[in-house]
Amino acid sequence: MRAVAARRNGRSGHIGREDPWEVAATVTDPELPTLTLADLGVLRDVRIEDDGTVVVEITPTYTGCPAMGVMRADLVHALHRAGFPDVDVRTVLSPAWTTDWITAAGRRKLVEAGIAPPGAAPVRSPGPVPLRLDATRRTAACPLCGSSDTEELSEFGATACKALRRCRSCSEPFEHVKEI
Amino acid sequence: MGHEETVYEALDHAHGGEGHWAFGTGFDDPLAGVDTTVPDGVDPADLGEYCLMLGDDALVLAQRLTQWITAAPELEEEVAIANVALDLLGQARLLLARAGSVGVLGRSREKATESIPDEDALAYFRDADEFRSTALVAAPNGDFAQTIVRLLVASTVRLAVFARLRESRDPVLAAIAAKGVNELTYHRDHAARWLLRLGDGTDESHRRAQAGADAIWRLLDDLFVPTDVERRLTEAGVAVDPAGTRDEVRSVLVQVLERATLRVPGWPAEAPPRGRLGQHGPELAELLGVLQGLARQHPAATW
Numbered sequence: 001m002r003a004v005a006a007r008r009n010g011r012s013g014h015i016g017r018e019d020p021w022e023v024a025a026t027v028t029d030p031e032l033p034t035l036t037l038a039d040l041g042v043l044r045d046v047r048i049e050d051d052g053t054v055v056v057e058i059t060p061t062y063t064g065c066p067a068m069g070v071m072r073a074d075l076v077h078a079l080h081r082a083g084f085p086d087v088d089v090r091t092v093l094s095p096a097w098t099t100d101w102i103t104a105a106g107r108r109k110l111v112e113a114g115i116a117p118p119g120a121a122p123v124r125s126p127g128p129v130p131l132r133l134d135a136t137r138r139t140a141a142c143p144l145c146g147s148s149d150t151e152e153l154s155e156f157g158a159t160a161c162k163a164l165r166r167c168r169s170c171s172e173p174f175e176h177v178k179e180i
Numbered sequence: 001m002g003h004e005e006t007v008y009e010a011l012d013h014a015h016g017g018e019g020h021w022a023f024g025t026g027f028d029d030p031l032a033g034v035d036t037t038v039p040d041g042v043d044p045a046d047l048g049e050y051c052l053m054l055g056d057d058a059l060v061l062a063q064r065l066t067q068w069i070t071a072a073p074e075l076e077e078e079v080a081i082a083n084v085a086l087d088l089l090g091q092a093r094l095l096l097a098r099a100g101s102v103g104v105l106g107r108s109r110e111k112a113t114e115s116i117p118d119e120d121a122l123a124y125f126r127d128a129d130e131f132r133s134t135a136l137v138a139a140p141n142g143d144f145a146q147t148i149v150r151l152l153v154a155s156t157v158r159l160a161v162f163a164r165l166r167e168s169r170d171p172v173l174a175a176i177a178a179k180g181v182n183e184l185t186y187h188r189d190h191a192a193r194w195l196l197r198l199g200d201g202t203d204e205s206h207r208r209a210q211a212g213a214d215a216i217w218r219l220l221d222d223l224f225v226p227t228d229v230e231r232r233l234t235e236a237g238v239a240v241d242p243a244g245t246r247d248e249v250r251s252v253l254v255q256v257l258e259r260a261t262l263r264v265p266g267w268p269a270e271a272p273p274r275g276r277l278g279q280h281g282p283e284l285a286e287l288l289g290v291l292q293g294l295a296r297q298h299p300a301a302t303w
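Which chain is which? The protein sequence lines are A and B, in order.
For the first sequence, this note's numbering assigns the number 180 to the last residue and increments by one with no breaks.
For the second sequence, this note's numbering assigns the number 303 to the last residue and increments by one with no breaks.
Mixed in with the good hints there might be a few duds.
Output of the computed footprint for chain A on chain B, the stretches with three or more beta carbons under 8 Å from beta carbons of chain A [said to hold, decoys possible]:
# : stretch
1 : 71-81
2 : 87-94
3 : 187-193
4 : 212-226
5 : 276-284
To be clear, the hints were calculated from the coordinates, so they are not data collected in a lab.
Backbone N, C-alpha and C define an ideal beta-carbon position, used for all residues, glycine too.
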């Protein structure tokens, strides 16, 4: 089993170039441009192979996330501009991405963007997945006024990773990154 | 990138400036960098065929669900259905790419040009008789209640398979399944809660939900009978025997229908698998006509 925390491998023999992790870590999510791929936990590993190729490992948030192609292109482009001509962006499917990998900085930036960050992700055990018939019990504080008196409007939002909620205190609707 | 170039220019750049083809723009190999070695003792043809079964179910159901866009009863539900379809499309992309990675492409390569990636060749350039999806996912949507019953049944069946597939000896299938379980759980529970609202709602919604259940239950007949490919791959520790998921599926469905105050229709007698062997009704060909029309008429189109 791989380590669950994102790793960054030190560079060596590339004096004068930027740290490729630092370059890759500046690339932002196309849908949430205030967050970087590192904030989201999508960026799993950046390393320089012996032949100088920068290998970047990313993991999709949702299987069908249409932003993956753009992320890949943005990573290649950013590293090219930083002076790394050979870049190989690889997809890592396992372990599957979880919202628990969104960093503290990422959570803060979500709130600043008016989006409620996810709570702890549900724990998946090996057996059958139990059915949940009652209304969702998720809670999320309003990112605008801080009230915890909020309700879910829809389990699905404008992107695969978000649900739609409303604050009962300030009446504003807001998005919530769903726990997975 | 930002102000210097658009996303599309960046994508073009990443593709060597060779321009986009309409069905591939930005959608590079979803398995890029994934180790696609076939596990020892597994026939690649079987593995590919199995990936088509799981991938085609997802592709066909995604296409059916998107027919609700602009027609769902409320805006939030339209967004929900589109999201469910998108998750399934993502699963289909990985599974079709996995089939392509082991060389299972059927006759699609006779029709698709060289530049078209395997997953797109499989999605757009196979005829109905080469699809391995079940009748459950190909059936027309019917009304909203029937669509919800079908989504409940299809996601319950798929979740039961994927939950077991997490232990597959094929690491690609195991990884797709582990990710898919999170998504499918969300779909199943969403459909189940809708069915409670409909079944235990007004007389009209109850009537429609019951009619939907009666119509969809008939399509359960061949879902739990394994094909030879599934038998061999289950033996090899790669696939899941659908027969082993039947009791779990039945228990979940009965639980939901009873809570929804619906009568549980009689479980149909088992029938040999048809869709898995490429035998389909006219509704699949009709669906594929819409899905594939543009790609086939303009196979190298760009936009």
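- Message: So, against the hints stated earlier in the document, which numbers end up violated here?
- Response: Hints 4, 5 are the ones this structure does not satisfy, whereas the remaining hints hold.
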